[in-house]
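K.L.:
Modelling step: build the complete structure from the supplied sequences, incorporating the hints.
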Amino acid sequence: MHDDAAAPKAPPMRPPPGAKITYIRDDPPRDVDWNGEVKAILKAELKRRSLTYADLVERLAYFGIQETEPNLRNKISRGSFTAAFMLQCLWAMRCHALNVGWPYPED
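Under this note's numbering, the first residue of the sequence shown carries the number 1307, and numbering increases by one thereafter.
Here are the computed lysine to any residue pairs in the SDA-like style, where the Cα-Cα straight-line distance is at most 20 Å:
{"no.": "1", "residue 1": "K1349", "residue 2": "R1379"}
{"no.": "2", "residue 1": "K1353", "residue 2": "N1380"}
{"no.": "3", "residue 1": "K1345", "residue 2": "L1396"}
Here are the in silico distance ranges between beta carbons for each label pair:
{"no.": "4", "residue 1": "A1360", "residue 2": "R1336", "range": "29 to 39 Å"}
{"no.": "5", "residue 1": "Y1368", "residue 2": "R1336", "range": "37 to 47 Å"}
{"no.": "6", "residue 1": "E1364", "residue 2": "D1337", "range": "35 to 45 Å"}
{"no.": "7", "residue 1": "D1337", "residue 2": "D1361", "range": "31 to 41 Å"}
{"no.": "8", "residue 1": "I1371", "residue 2": "V1406", "range": "17 to 27 Å"}
{"no.": "9", "residue 1": "A1360", "residue 2": "P1323", "range": "36 to 46 Å"}
{"no.": "10", "residue 1": "S1356", "residue 2": "N1405", "range": "13 to 23 Å"}
{"no.": "11", "residue 1": "A1390", "residue 2": "D1361", "range": "18 to 28 Å"}
{"no.": "12", "residue 1": "G1342", "residue 2": "N1377", "range": "16 to 26 Å"}
None of these hints come from the bench; they were simulated from the model.
By construction, the Cβ of each residue, glycine as well, lies at the ideal position given by its N, Cα and C atoms.
P.N.:
Below is the structure:
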C-alpha cells in the first residue's frame, strides 16, 4: 500500500486549452499500465494507417533500423521499448502528430 504522505507530489497537471474535462485529479494516477498505453498507441497508429508489422519492418529498414517481424511484434506486444524506438516507429509510419489522450478519469 502507498503511504501518500511520504510520496513526492508532482506538480499539478492541467488539460490542454479547450479540452472538455469535467474533473481532473491534481496528482498523476499510480495505477496506469504505461507499457499497455504505449503498446496501444503504436498498434492504433499502425491500424489507422492500414500498416502491417511487415510494412513497419520495411519502413524501419529505410532508417537503418534492422528488425525482424517476429521481433517487432514481440517488442510492441510487451510495450517495454525505449522512447527512441517508439519515435523511430512513429517516424517510420509518418506520424506527424500524436494524441495520447488525457489519462485522468472523469466522474
